Amino acid sequence: AQRVTQPEKLLSVFKGAPVELKCNYSYSGSPELFWYVQYSRQRLQLLLRHISRESIKGFTADLNKGETSFHLKKPFAQEEDSAMYYCALSRYFGNEKLTFGTGTRLTIIP
Amino acid sequence: GAGVSQSPSNKVTEKGKDVELRCDPISGHTALYWYRQSLGQGLEFLIYFQGNSAPDKSGLPSDRFSAERTGGSVSTLTIQRTQQEDSAVYLCASSHSGRAGGNEQFFGPGTRLTVL
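From first to last, the protein sequence lines are chains A and B. Under our numbering, the letters of the first sequence match residues 1 to 110, in that order. Under our numbering, the letters of the second sequence match residues 1 to 116, in that order.
Next up, chain A with everything else stripped away, as it sits in the complex:
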């Protein structure tokens, strides 16, 4: 069975400090990993995915197959980063459901 684990429900970080949101997964096969974000009163939107290997809004995430992790990182937190963050996975090839973690609510303290 596929599973995504986000161990932190809540995370508070001071503005300017580094941020790391943890995500671990279990999946037999080749997964595609995503981070989705939901800002207050906005719809769920894609932040980044491992295949694109790009930095979005200063965030990066590296897929570590050995540790089955896909942690989200940003070196300097900004107040506008406050949001709900979900890690998700799906099968790499084709269209299938996303399996989500339970989410981490990130609060940036001014």
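Just so you know, these hints were derived from the structure itself, not from any lab. Owing to the predicted nature of the structure, the values given are computational and were not obtained by experimental measurement. Backbone N, C-alpha and C define an ideal beta-carbon position, used for all residues, glycine too. Take the hints with a grain of salt, since some may be wrong.
[Said to hold, decoys possible] Only pairs whose alpha carbons sit at most 35 angstroms apart, straight line, appear in this in silico DSBU-like list of lysine-lysine:
(1) A/Lys22 - A/Lys9
(2) A/Lys73 - A/Lys22
(3) A/Lys22 - B/Lys57
(4) A/Lys65 - A/Lys15
(5) B/Lys11 - A/Lys9
(6) B/Lys15 - A/Lys22
(7) B/Lys57 - B/Lys17
(8) A/Lys22 - A/Lys57
(9) A/Lys73 - A/Lys9
(10) A/Lys65 - B/Lys17
(11) A/Lys22 - A/Lys65
(12) B/Lys57 - A/Lys9
(13) A/Lys65 - A/Lys9
(14) A/Lys15 - A/Lys57
(15) B/Lys57 - B/Lys11
[Said to hold, decoys possible] Derived list of chain B stretches under chain A, where covered just means 3 residues or more per stretch with a C-beta under 8 angstroms from a C-beta of chain A:
(16) 7 to 13
(17) 29 to 43
[Unchecked claim] Derived coverage of chain A by chain B (criterion: at least 3 residues anywhere in the stretch with Cβ under 8 angstroms from a Cβ of chain B; other residues may be distant):
(18) 45 to 53
(19) 96 to 109
Model the placement of chain B on the given structure of chain A, informed by the hints.
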């Protein structure tokens, strides 16, 4: 262009009544998904459509839940004889089909269902 739209945005119903939730995907997206977001449960997959067929219905919680898609576009999620535990935000998403490693799903704003 327009994103995924859902209606109604809010629905309050009495226990035992039937409800219909509607989703309009992004034009040209052949894959459509329904998810449910509830307190304590996170985001749960319900059903996936490819065109008008549903190859994966594994997330539907009971036979009170059904969904259809017509014309490869609009989808309707129907909940019969609603129960209080059906209260949640129901999210719809769509994506391009058949692209390896390209499964970016675009989400609608959701329908908040409250069963009294």
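Practice task
Output the numbers, in ascending order, of every earlier hint that fails for this structure.
Solution key: The structure breaks hints 6, 10, 16; every other hint is satisfied.
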